[in-house]
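Asker: Residues per chain are reported as follows:
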Amino acid sequence: MTETTKTPAPDATPAPPAPRGLVPLPLAAARALLLGGGIATAASAFLAWTWTSEFPGDLTITGYPGGLQWLTFTAGLLTTLYALAAYGIRGLGWLLPARNNAPLVLNALGGFAVTWFTVIAISAELGGVVNLEPGGWIAAVASLLPVLGAFALPQEHAGEGTKETLKAYIAKPERIAAPQAVAPWVQRAVITVVTIIGLGVFTYGIDTEYGELFVGYLFVVVFALWALHTAGLLDRFSALVAANRSFTLAMGFAAAIAFPFTQTDDHYANIGVNILIFGTVALGLNIVVGLAGLLDLGYVAFLGVGAYTAALVSGSEFSTISGVHLPFWASALAGAAASLVFGVLIGAPTLRLRGDYLAIVTLGFGEIFRIAVNNMDGQSGPDVTNGPNGIPSIPDLNLFGFNFGQAHDIGGFTLGRFANYYLLMVLIMAIVVLVYTRAADSRIGRSWIAIREDETAATAMGINGFRVKLVAFALGAALAGLAGTVSAHVTYSVVPTPYQFAGSTPPNSAFLLAAVVLGGMGTVAGPLLGAALLYLLPEKLVFLQEKSLLAFGIALILLMRFRPEGIIANRRRQLEFHETGQLDVPKQTTLTDEPAVTKAGA
Amino acid sequence: MTTPVLEARDVTMRFGGLTAVRSVDFTVNAGEIVGLIGPNGAGKTTFFNCLTGLYVPTEGTVSYKGTVLPPKPHLVTQAGIARTFQNIRLFANMTVLENVLVGRHTRTKEGLWSALLRGPGFKKAERESEERAMELLEFIGLAHKRDHLARNLPYGEQRKLEIARAMASEPGLLLLDEPTAGMNPQETRATEELVFAIRDKGIAVLLIEHDMRFVFNLSDRVAVLVQGEKLVEGTAEVVQADERVVAAYLGEPFEGDPGEAEAAEVEAAEAAAEAPSTTSSTKGEAK
Ligand SMILES: Nc1ncnc2c1ncn2[C@@H]1O[C@H](COP(=O)(O)OP(=O)(O)O)[C@@H](O)[C@H]1O
Ligand SMILES: [Mg+2]
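Residue numbers (the numbering used here), protein chains in the order written: chain A, 1 to 602; chain B, 1001 to 1287.
To be clear, the hints were calculated from the coordinates, so they are not data collected in a lab.
On a predicted model such as this, the values are computed, not experimentally measured, just so you know.
Backbone N, C-alpha and C fix where the C-beta goes; we use that ideal spot for every residue, glycine too.
Some hints could be false.
On the chain A side, residues computed to face chain B include the following (Cβ under 10 Å) [claimed, not checked]:
id, residue
1, R20
2, P388
3, I449
4, A450
5, E546
Stretch-level coverage of chain A by chain B, calculated; a stretch enters the list once three of its residues show a Cβ under 8 Å from a Cβ in chain B [to be verified]:
id, region
6, 75-85
7, 429-440
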């Protein structure tokens, strides 16, 4: 395809050739294809794609989209919106501040991906393309049109080899003009709207009922976010967030609290509470790994210590110290304290080691915890944990007469058992977020980062390396233990198996670490997002089964190759990994000059 | 002005069979600027590491204002000795201000609890730390770059920032390991002013340097370390006149990189010999 753009004009004019597209079409045709294709894609969702409702979601009804068709519809709509913005329609200019091609290309690709995925899935699952109704074929063709249109858009560096050209098509421009300053109430309104949309999108993802829908959902969300990123809108939004920190935090928690009220099925609240537990523990690990730079491969053991402690003191008849039934606040404190003690016991001898040694030793201790718990059954060892049988029948919590085990009606909404625990877990997560942010931004947080950056220099600055590392380790352990106490109640019983180094379902130490690294080390939102993703993927993609570990491995490698700072980048990390394009570092002169992109917008 | 700040007694450092520092006795008095020179590999940096607890000396003791220091870097800093490194060791991914704030670590005591509870005491301490740090940044002329990452500073500014970070620990003695390495002549001159200004704040300075003009200009006293042993110690005049020093530098050329450094040294020595009166006002206190 590049051939056409490469043909050198024999009588080359001195002026540089006008930029052309990869697909040789005039600009007007390219734009028309984008707009028309976008509309056609959205419209094709209303056709019947297949003849049988055997394919999940029932894509057989003309006039009413089902399941994956809604996703195609959404992607088509986004493409249409962006095509209109590219025409310069008034009121849509904010969608394309840099007037670059990438958002158009990526939106078109998103629609193409989800539609073709659906069509291929139908053919594969039902056995052949004969299962496609004409509507399916139309959708496939319609979703291809915007892609053709997008690649026909003139692009600066087109024609310097296919790879460079494609890169140029999806590249984010170096500089995007700063937006006009807007009133504070507008900023807050924007944050509110984005939060509501975010909650909606997130809820949709959790509520996806079958793997195909979840995959399609991921396609749409990833491409849409990517498009927004290349349009520069995500940067603008983070500038808004930075200018309205506490408001955003409040909105975030409001959204988190609102989640169970959007659910009718308690199963999804169960997923929600598990994500929160997993995310909270990942955030605790982030103190150890992200701030202090200590690679802890046995972290899940602290979750286990908390869970077992709570199980022992919460009045289960199978507890080896049965008869003890502490109130929740006491068992939560006991769990956190027990974890803290274990953290200190493990940390004290190991934290004198550096780097790889620490990783190996923590890996060993993590496994020792699981094996010890497995053996403390009264036969191989003292009777403490009932061995592999674990401690079942942990009673539900009862706080101030509020029984967590029962469904409650609140304001017309029914909150089931898991929704109750979900709300408790939001509270615990709020505590952990507070602990994390406050600790990070203080004398002790700075000394953790200093140790991570250069331990020798840090000790030469008067930091007692061992001591501050131990504090980080113990704090991380205590937070994990706290989350563990809730998880013991949520799951009714505790058994040794989840507390291992690696497994195909979270939580385990490898997944926790992956959540932190994938989401973005040293940030608050990163590990939470990473945890949500890593919990949902094996939950939703049941068909992957044991291959899911392989899939994660590949995904992690790709991520580390292309975005080593994680999905949500800590400012420091981003600068660390990408020497160029340091947006928020003004050049020597820019302090007097207009602010750089990421600082703009406030 | 002759109260000793630093007293090293009989400091010896052996690495296996190699004796990098051999029975060095060394004193720095309050208000002094002392230079430590010597060919590459003479053991100067190793001696610094012994003084600051990064190495545990095989033999000998180091005391600060009369008390013997334990060989633990953070306790040495706590006691009042701060240092910079030959190869810059800033916290590269922290901002300029954060680097200096880390330097304040020993002079603040807010722990985890106070960070979590954020009482008035915590806020006051943070505010004061920041004020102190900004004063220091103004002192070295980097206040306008407070929010830049240290890694993005030009080389010369990184060296300055390292000095500010060390000064943030409110030391009584500052050890500078080759503070002008890699600097151009203007930057070197600016550093000279900076070292005088630091001394005028009542901080004694011990510096390792290869730039002879710089070190003889600055120092009240200069000590020469050759192959781990202290060869000579005295005022600039005394040291420059000593034949053994000339021999150590010129007579036995060492392998490696004699080129630039040595040429500068010869030049400096000549310049100094021509106009001895231009060397800095010394206290004339030969030992
Ligand atoms: N940690 C160490 N282990 C072994 N040898 C060392 C170590 N540190 C320094 N040395 C050796 O000690 C000698 C003195 O080095 P150094 O103090 O860096 O010299 P200078 O700073 O005067 O150039 C060198 O021969 C060096 O190789
Ligand atoms: Mg040296």
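Asker: Could you run down the list of hints and mark each one as holding or not?
Answerer: Evaluation of the provided hints:
1. R20: Since chain B brings no Cβ nearer than about 38 Å to R20 (chain A), farther than 10 Å, the hint is violated.
2. P388: Because about 37 Å separates P388 (chain A) from the closest Cβ in chain B, which is outside the 10 Å limit, the hint is violated.
3. I449: At 6 Å from the nearest chain B Cβ, I449 (chain A) passes the 10 Å test, so the hint holds.
4. A450: holds (5 Å)
5. E546: violated (39 Å)
6. 75-85: violated (count 0)
7. 429-440: holds (count 4)
Hint compliance for this structure: hints 1, 2, 5 and 6 are not met, and every other hint is.
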